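> One letter stands for each residue in the lines below.
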Amino acid sequence: MRRVSTFRRALGPAAGLLILVATTTASAQTVATDRGYVEAVAQSAFGNVTSQSFGGEVGITVTATLQVFGSFGRIRDVATTEIGTSAQTIALALAQLQPGAVSYSVKEPVTFFVGGVRYRIPTTTMLKPYVLGGLGVASVTKDVKFQIGGSDATSSLSQFVTLGSDVGGDESKVMFALGGGIVWPAWRQLIVDLQYQFGRISTDTPITVNRAGIGVGVRF
Amino acid sequence: MLKTRFRLAVAAAVCLVGAACSKNSSPTQPSTTSPATVDGAGATASVTVPRPVSPAAGASIRNVDQPVTLVIANAVLTQSATATYTFEVSTDSGFSTKAYSKTGVAAGSSGQTSLTIDKIAAATSYFWHARAEGGGTTGPFSAARAFTIGPAIVIDSATLVSPISGTGTGARPTFTVTNATRSGPAGALTYKFEIASNAAFSPVLVTATVNEGSSRTSFTPPADLPAETTLYWRVTATDAANGVTGPTTLAASFATTFAIDLKKVVYLNSPDVSGWPQTATLSLVEQDGGGDGPVCMSYTDPGWPDSHWPFGQPGDDPNFGVYANQWYFARIGGTWYGGAGEWIYRGASSCKAGQGTRTIGPDSGFGPPFSSWVPQVGELVGFMVSSVARNGPVKRTVDERSNVIVQPWRDTSLGSRSTGRIQ
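Protein chains in written order, with my numbering: chain E, 1 to 220; chain G, 1 to 423.
Hint data in this document are derived by calculation from the structure and do not stem from the laboratory.
Quantities reported herein were computed from a predicted structural model and do not represent experimental measurements.
Hints may be right or wrong, so weigh each one.
Label-pair restraints from in silico Cβ distances [unchecked claim]:
1. G:A56 - E:P99: 14 to 22 Å
2. E:S103 - G:A56: 58 to 66 Å
3. E:G149 - G:G187: 42 to 50 Å
4. G:T116 - E:P206: 43 to 51 Å
5. E:D152 - G:A56: 30 to 38 Å
6. G:K119 - E:S155: 38 to 46 Å
Computed, partial: chain G to chain E, Cβ under 10 Å [unchecked claim]:
7. S46
8. V47
9. R51
10. P55
11. G58
12. A81
13. R131
14. T138
Quick look at which bits of chain E chain G covers, simulated, 3 or more residues with Cβ under 8 Å [said to hold, decoys possible]:
15. 42-53
16. 79-89
17. 154-162
In this text, a Cβ means the ideal position worked out from N, Cα and C, and glycines have one as well.
With the sequences and hints as input, model every part of the structure.
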């Protein structure tokens, strides 16, 4: 139920962006003349937890309004409630099984590649809005560490617990992204791209992640 | 040109998506046994080690207390997975030689799971451990915990010696068994003597537990058994320290044909002594109705106090006292009559004369019908000794008595064999 709500929340900004684009389109007839772009992206990632995402994006202009893009990046943490609950359960059990103080940390970093299309909404203004949709692959790593007496004991817990894949291992699963943004041609070929993307990764425990940030690149 | 670029880009994206989906379920430690089934998700659960609770580490368990029950505090499983448990018992800490093993033991409620194992060999040291499985993961085994099963102790049945089945006894016969044989390091044995009025021993009239004697063990009831009744007795040997009980002997019957129920006695010139505590033991009565009619009683003297003798003559010791009376019981017309007879004082023999076949009746001054009683040779006559009891000016003291011995009347002048011991 929580994931559905997150999904709906994410659709809100996307829908708003589409409406903005639609209204702008009415008077927009300018045709882009660039062949593509490349940019570096820094984003705030939020959803299950708040973290950061860094990456890059390359786009190739197919028509005046359509670009094909590929983006890659790494989200530092998308840890779900489930992995946190499992880690906490194990930590509490460890505290009963041995005398040392137990603490734990949970991270779930994601490395992804998404390819898709950008629809550039024709406009006469300097700002170039767009919407995008993409499909790709995300590699999710479950990085759970347990400390006993202040020292990392994750690799020496075999006498106390057998860790399942709920708190460890890697998964590479399909990721889709939906979003939009506005490109501002700042100076000559330099562009600034303000963007938002809703993403969903179909891991065993599906992960929803929202990214909002800025890209800086060049047109060519 | 533009179409070509578009097609290339789309093709590349599709290939990447299709090729890159994979899963490496290699958590920090290898785990899984089968695909996870928890909540329909693909992730396997984490499983902690169960915590041994009982038996305690190094516990020594008596063989008789088998079967052993192993108890663990339940393991913790993530993802709300349900656990089952595997228990193993081995003679070595590496569990290469398993004495017992069981898997699939359902988790118990209230946080603990227990398993009662089969009986295992006695006089052996064992190790046991347990682990949990669930949510697609097999947890680690708990640390091996040691316990020891004590040696086997076998106690055989005791052997009834006396009274042998079908014999007659007095009111307080001594029951004797030959000690039970045993194997193994048995502790001190005790013997439970049971006496009942029926072979089913329901109800049991007398029960007593007696420490083992050197080769035989005996028990004498502290109170009279029902008179003239067929009774049954049996014995069970027990090693209480090791909790081992041998088989109960077969029941043997006996009849208290020589017993007198003191509650039914008609007392003559004497108080009812059925309620007096028995503090002396009368072990032997020797009498001869011939001659001057001696009656000699051998008994333990519990130290009954003297009672002043009020019939002293001038010149007698003014402090002279008596401390006991002989008792005689006669069965006349189907009723037992009895009373305190001869006086006994310290420093004198316990033999008293004047109790011959024709003198015992009138001598005691009991009045009829005792006064005219003339015992026949072989007739059962009862004898007892008590603290001063006879009615009259000699005051009673502690009101205690001995047991009663009932035996056939003897008279050497009428053909009875002499015991040669009367003094």
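> If you check each hint against the structure, which ones fail?
Structure breaks hints 2, 10, 11, 15.
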